[in-house]
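Colleague: The primary structure of each chain is shown beneath.
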Amino acid sequence: MLVQTKGLTKSFGGLTAVNQVDAEIETNKITAIIGPNGAGKSTFFNLISGLHPPTEGTIHFKGTDITKLRTYEIARLGVGRTFQTTHLFEQSTVLDNVIIGHRLRTKSGLFDSIFKTGRLKREEAACREKAHEVLEFVGLSEMSHRLVSDISQEAKKRTAFALALATDPEIVFLDEPAAGINPEETDGLAELMKKMVDKGITVCLIEHKMKMVMSIADKIIVLNHGKKIADGTPDEIKNNELVIQAYLGGDTNAPVN
Amino acid sequence: MEKVLTNRNLSMLLLAIAILFPLFTDNQYVLHIFSLTFIWTIAVHGLNLIGGFTGQLSLAHAGFFGIGAYSVGLLTVKMGLNFWLALVLGLIITTAIGFVIGLVALRTKEHFFAIYTLCVGYIIYLLLYKWEELTEGVRGLIGIPVPAPIGPITFDTPRNQYYLLLFFLVLVIFLMHRIMNSIIGRTYIAIRNSEELAETIGIATMKQKMVSFVLSTFFAGLSGGLYAAFVRFIGPDISYISVTFDMLMYLIVGGMGTLSGPLIGTLLIVWLSQYLQFLQNYRMLIFGPLLTLLIIFYPRGIAGGYQMWRAKRYMRKTQQLMQPVNPVSMKEEK
Amino acid sequence: MIDILVQQIFNAMTIGSVYSLVALGLTLVYGILHIPNFAHGALYMVGGYMTLIVMLETGVHYLLAIVASIFVVGILAILMERLVFHPLRNAPPTHDKIAAIGMMLFLEALVQLVWGAEYRPMPTPFGQVVEFFGLTVTMQRILIIGTAIVVMILLNLFLKKTMVGATIIAMSQDREGAFLVGINANKVAMLTFFISGGLAAIAASIASPINLVFPGMGHLVILKAFVIIIIGGMGSIPGAIIGGYILGFSESLSATFISNDYKDLIAFLLLVVILTARPKGLFAKGVH
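Chains as they are written, first to last, in our numbering: chain S, 11 to 267; chain R, 1089 to 1422; chain C, 14 to 301.
One or more hints might be untrue.
Stretch-level coverage of chain R by chain C, calculated; a stretch enters the list once three of its residues show a Cβ under 8 Å from a Cβ in chain C [stated by the list, open to error]:
#1 1136-1147
#2 1195-1201
#3 1324-1336
#4 1365-1377
#5 1383-1397
These are computed hints drawn from the structure, not numbers from a lab.
C-beta: ideal position from N, C-alpha, C; glycine also.
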């Protein structure tokens, strides 16, 4: 078990976005989190990555309690993530965007930069090397010197993946990686996720594109109105009454099609 | 042509001109205005570091400028300290206050940070203005001594003062250059870009913002301390919020988040103001709308625009070399 | 002792009324567009000048001059929204503040050019001194308190009872949702700016006879209005009203019992204390 939540709850004022969720994410598997809009999926991600403090419940990563840790501390333990909107720096090159991803493994500070110390040079070289390595991994080597504003939506998604991978994570949380890109590109990203798992990186994603989810996920967790209503293999989820009802009642993205 | 006109060579050329310039002119007025430009540029670099590069628009910088200036003024005039000792102490005082304010201010975000720092700036102004026992209030401090000689070098002539200020400016630019071209600088830019994203890639944003903020107050304090000894008279007005707005304008015109922007913007606006002196207090009739229009239509400023132009040109060249253009980018058109 | 206290409470009500009106305009705009309008103080200043100049130039009654001022400043606020804030709606968060600062500097320089930099008194037909529950006060101060209360009640009725008002509330609560149900966001934004400018004009016009009119008169007021809406919760209407009076009382009392010199510091110290304890303001709604 890589990540485990128990009774995870988050309320904003009177609204409970995530309600008593017990979830388990297994090592080296692809876990998908699905559910109608407003089901609390993104909030669930934000809780695990420490962007919001939970109202109740605990989160364990590799057996350690990370419930109260800060976001950057959680990242340093090996938890990476991407956002729905990529948040990349558009006026900069792909490579420059990704280099900073390895910063968390460096120790240089202001004085190192002013005096250009040996440590700084070593660490900058390491960051650059890491960036090239992950860009190669996501298939963007050729584009590394293009401005982000110049590349396609799909390439931006890959850049965001690369940035998360540059942190040397053991698990990555991908928030709607396939939103806004076409079906062929979606297949490409699915391949990439499988490649991550092959490399020993656990993947957890939020996704609305059911065809993709059903084909790549080893396990699916379904949220509705902040509650976990089901989890299991794609086949189990397809035939789950509660899930079908939740989708028919709320959203058009039915899991079965 | 391309190879000769690198940023580095251009900077060196400018530096050479700046060093040789006083040898060819006796015009004290021109030297005076250039010296003032150097002082303000240092402060604008401070504002640029926290606002332009780190993305936290601080509106308290005239306040820190004032603290630096009054520290030096009070320590030299009232306690008779040597200028250099006063400057060092003044910088310690400014950064210590900057540190304490940063601890609180940086916990707030965006609008709150801007409003908070605006209020902090105003508090500093009010204190300098009302705390008459210490600051002489509206009368201000007069007779601040020029910087004490270092060995045989004295600073009592406009030319020598010009060189002294040029030295500090070059030092500040050099520091900024080193910082911003390293992963330390990239860290600040990552925070400006998205604080959330920066946190999730393991950057301790609060700590990084603190370092950036304190260093930016250091520059503001340095600028203020130099101003005190150069102009030799200071009043509470130097810390008023309109001074922060002036700095902000220099920065926007020159280019926020660029290394050359502070110098370009300050040079341009300070000199323009000299020609527009007949307008006096009404110069904001021109500069106010200019600020608004620039931020709407050309937020990059002069240096930022030039950078973008170069990046675009570079992109075109490399794309021609790397035929075929990646198929992915062609699919994007829907 | 009791006399002084009662007198001070009355003063506090006067100051608080002005603060509340300014803060209300600021908070309305923030609620709708999430813009802290740094140029709001300039609107206040223009409001003061318009009333003064209309009175002096045309000789119309004070109250009529205020009505003219409301329209001029309201339209000025609409222009600001259309020409500056609207084009910047997708820009990075620092940009709208800088643009507002530019407009503020411009308006101040313009007013100074046209009407001069000197401090000018504003005549009022309500200068007579009256006995009011045993207090000796000028009619003007009673007018300030009364006007503020009437304006607040009218604003409340407008927001609660009219369709347009309800739209403003809906939009401030849920921007995205408002778009979905087909609210014309542009119209609502313009209307909100008009109201905001009008409130600033009223506040300046009623406060000027007891203060003075000058180009920098908006600086302190806007800073304090920001403090108020942070205390009361950015975007909250009752928060702006209560916050205004809280600040009025703290200032009035500290002027009497501590020092008149430092009374302007109270607001900022309050802010420093509040933001130190709660970085998102006192009544911050949950994270979005």
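Colleague: Could you run down the list of hints and mark each one as holding or not?
Modeller: Hints, verified against the model:
no. : hint      : verdict
1   : 1136-1147 : holds (count 3)
2   : 1195-1201 : holds (count 6)
3   : 1324-1336 : holds (count 4)
4   : 1365-1377 : holds (count 8)
5   : 1383-1397 : holds (count 3)
Hint check: no violations occur; every hint is consistent with the structure.
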